[in-house]
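These protein sequences, in sequence, are chains A and B. Take the first sequence: its letters are residues 1 to 317, numbered as in our numbering. Take the second sequence: its letters are residues 318 to 499, numbered as in our numbering.
The set of hints was computed from the structure by calculation and includes no laboratory data. Warning: the hint list may mix true and false statements.
[Stated by the list, open to error] List of simulated lysine-lysine pairs, BS3-like, C-alpha gap at most 25 Å:
1. 82(A) <-> 94(A)
2. 82(A) <-> 495(B)
3. 450(B) <-> 132(A)
4. 495(B) <-> 132(A)
5. 485(B) <-> 82(A)
6. 485(B) <-> 495(B)
7. 106(A) <-> 421(B)
8. 450(B) <-> 82(A)
9. 223(A) <-> 421(B)
10. 485(B) <-> 473(B)
11. 421(B) <-> 110(A)
From a predicted model like this one, the values you see are computed outputs, not experimental measurements.
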Amino acid sequence: MFPAPMEVLSRLNRMRCTIRLLKGPERRQGLCSASGSAARPAVVRLSVQDATALWERQFRQSGVSEPSLSSQYIMAHVLGAKTMANLGPDVLTKTLTDIQTHQFWKLCAKRLTRMPVQYVIEEWDFRDLTLKMRPPVFIPRPETEGVALEPSPSACSMPYLRAVAVDRSAEAVRLTQENANRLGLQDRIEIHQLDVTVDAEVILRECSRVSALISNPPYLFSKDMTSLEPEIIRFEDPAALDGGKDGMLIIRQILALAPQLLTHNGLLYLEVDPRHPPMIQQCVQEERIAGLHYLQTRYDITDRPRFCVLQRRGTED
Amino acid sequence: MQRYLVVAALLGEDSWVVPALQITEPWRSTCMCSMSYLVFSAARRVAQGAGCTGRHWLSPGSAGWPHVQSAGKKDSLKLPALNEEELEEQFVRGSGPGGQATNKTSNCVVLKHIPSGIVVKCHQTRSVEMNRKRAREILQEKLDVFSKGEESEVIKKRKEAEWRKQEKRRRAKENLEKKKLF
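Bound-form chain B, shown alone (with noise of 0.2 Å):
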């Protein structure tokens, strides 16, 4: 099966200039990962999705990239996929054979993207698995604003809801001076 690196070049705008290059089987022997360079396994879903070879111009917005969605949020962000390789996972792991062995309340997960050393801990719900993919989420969300910095989409939104939080304040003080004018 043909396998597709996908180096995205960062421009600091909301579009991504993506060279896919085909390359066969071992790939992850030349997957490599810079600072100004954010590397993406999108293997299988841009050769499913896309379905061609030579180069790509793909945007976040685009049917052919991959994203994960948080189900259930209003307004969900497009970001790049995680690739599980470049993922660590831990979970507290007690002696003995563990399962019906044992009852443990523990089930904070602690996520580590290997290539930038961001290290996320997560223990907001009573599920490993809800723990597991919420840690994925904020993860994404990190990875976003490593790479992006102020471009990022986390960053723009965060500072949208503020904006908005400012003007909902400066209109709400001016009506009130006006009131106080009669």
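Here chain A stands alone, though its shape is the one from the complex (with noise of 0.2 Å):
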């Protein structure tokens, strides 16, 4: 039972009103309405915009980060569309039905546990691709779009291009091959259950080198993980997320594999903590990597050094 319907209920009781909820254990007793038995009870409705504030409302008074946002794209979401925008300024005063009404309900109240909106309306945006989204497969972040840019696009946009996937995890494997068939790119991408730190014999064997090789792998301190937001610790992998103790665990042993794993010329695109493209580059030149060269550090598009370009140049494969 969560206190943000028991206040609208309350609320609406005072007011002679009732509220009949479609689900039996969520029914309320002794909030009748005093008309008599005979009549069957009205129905109040809110509007879009009376339930969108009241929910943002209720994030804020319980410590829920962007609560504006999360009532809106839920809401959005429960409406058929992915953001309030698209439907412009005359959905506000529109009345919600009660299934909408349950459903918003609903789902508002996992938000209030934290959960990330993402995992709460299963999908999220990635550029032009609408991902199904599962806890605990790790989120996309935003400023990964800008890396999947130039110049290496999505798959997508390429229909030539062919791309292996790794991953430690079997639900990240799942819930990836689940999205390549909703976007039909099952026949352009395989993808392996396959840990890179363990498993780095059987990637050498089974992949074939590659033209770029692009990661983002868990970077971040283990000191850090306990800072993190509650939306991150209580619902993602924190294997998707722990680099060990300088970040830098599963980023050493990309670099090592990455001389044998791509062509002559291809590239290495990393996702990394802002404090680890000089600790990359150290890293490069100290163990003099066999013919791995660091290219470019790049900014995200909050300005953070982020990315990391590294080039394989040898004499021959």
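Assembly of the complex is requested from the two constituent chains, each provided in isolation within its own frame, with the hints serving as guidance.
Pasting the structure below:
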């Protein structure tokens, strides 16, 4: 039972109205109108605007991050759109149906537990793609959209691209396959459940060389894991985030494997923590990883140095 | 590499008089913008497309003119390209390292065109890159209206659509009147 519906219901009760909720267990006892049992109790419905504002207030009071946006994204989803902006201003005064009210309440209750919006509505957009989201599979961050731009466009926009994807999480592999199927990309992408730190030999054996290696590996410093928001701590797979003491555990492994995985002049793109670029440069220079050259550090849209571009330069494959 | 500073003088007509001045680096310091001129740095594209020096006469429809077509739009307007150098972009930037360490759904893009002062805010999609793209499209349209006024393609299209709608209403009304007579 959640405070917000109780608040609404008791307020409505004071106005001598009833609200009839669809499911049995959620029916409130003692909140019937006094007008008698013969008449069917009137159902009070809220406008889109009022319902959105109500839950925004509830989120804010409960310390939920992005209270306004959360409420709006969930409402848009209930109304069948991606954003409230898509629906136009006229929708605000429209009255929610029973089903919509119920759905909105159910989803907002989940958000109240700090479940990320992307998991609440079970989808999110990445550039021009809509992808299914499911805990605990890592949610793509908006800054990552920038690295996908050039010169490694998404598989959707370049039909001749073939991709091989690896992840140690079975759930991630399963969800990726689901999304690939939904987008009709199943013939262009192979997805394997492999751990780059443990299954290196298998990867080298199974995968032929690629012209681009793109990775957003777990790169957080272990000590930073405890200060993460509840959205992340409670719902996202820590294995997708924790990069060890200096966040370089998986990065180092990828650097070591890159020369054997890349074609001549092939490129390696790594999304990392802002502290990593100099560390990676040092790593590449010190260990003189055969044929791997550090090309450049790229900044994300928030101007943080977060993408490292390296190149394999060798004389032969 | 030679750069072309393209100064477009507004004639209030469909065609633009575009004298192309061939100048060398640094060219940005000589770039000026006033109310009566729209200055485009069409450097790379004009240089590659036209490949000539001296005076050019370019119209929006000609092959060398750089434009951005909105993908997926049926009858996209050929508007002059935006110069990224003249734009200031802002996103909501949280504290901390960002990236994997945060989960934020805010992806509103605020795009400012410095010379004209026009600001566009876009949160139409759930993707920051799509919002960036959309913000630029909206800014292009606003700039076109701003610079060309009544002659802007955007305004013309809007008026045309409105006229068509009114014509439809008028005809429907006429038909209704005719039917009443019988």
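Going through the hints against the structure:
1. 82(A) <-> 94(A): holds, 18 Å
2. 82(A) <-> 495(B): violated, 45 Å
3. 450(B) <-> 132(A): holds, 23 Å
4. 495(B) <-> 132(A): violated, 55 Å
5. 485(B) <-> 82(A): Distance ~33 Å between residue 485(B) and residue 82(A) Cα, so the pair is violated.
6. 485(B) <-> 495(B): holds, 15 Å
7. 106(A) <-> 421(B): holds, 21 Å
8. 450(B) <-> 82(A): Satisfied, since the Cα-Cα distance of roughly 17 Å is no more than 25 Å.
9. 223(A) <-> 421(B): holds, 21 Å
10. 485(B) <-> 473(B): Holds: residue 485(B) and residue 473(B) sit about 18 Å apart, inside 25 Å.
11. 421(B) <-> 110(A): holds, 17 Å
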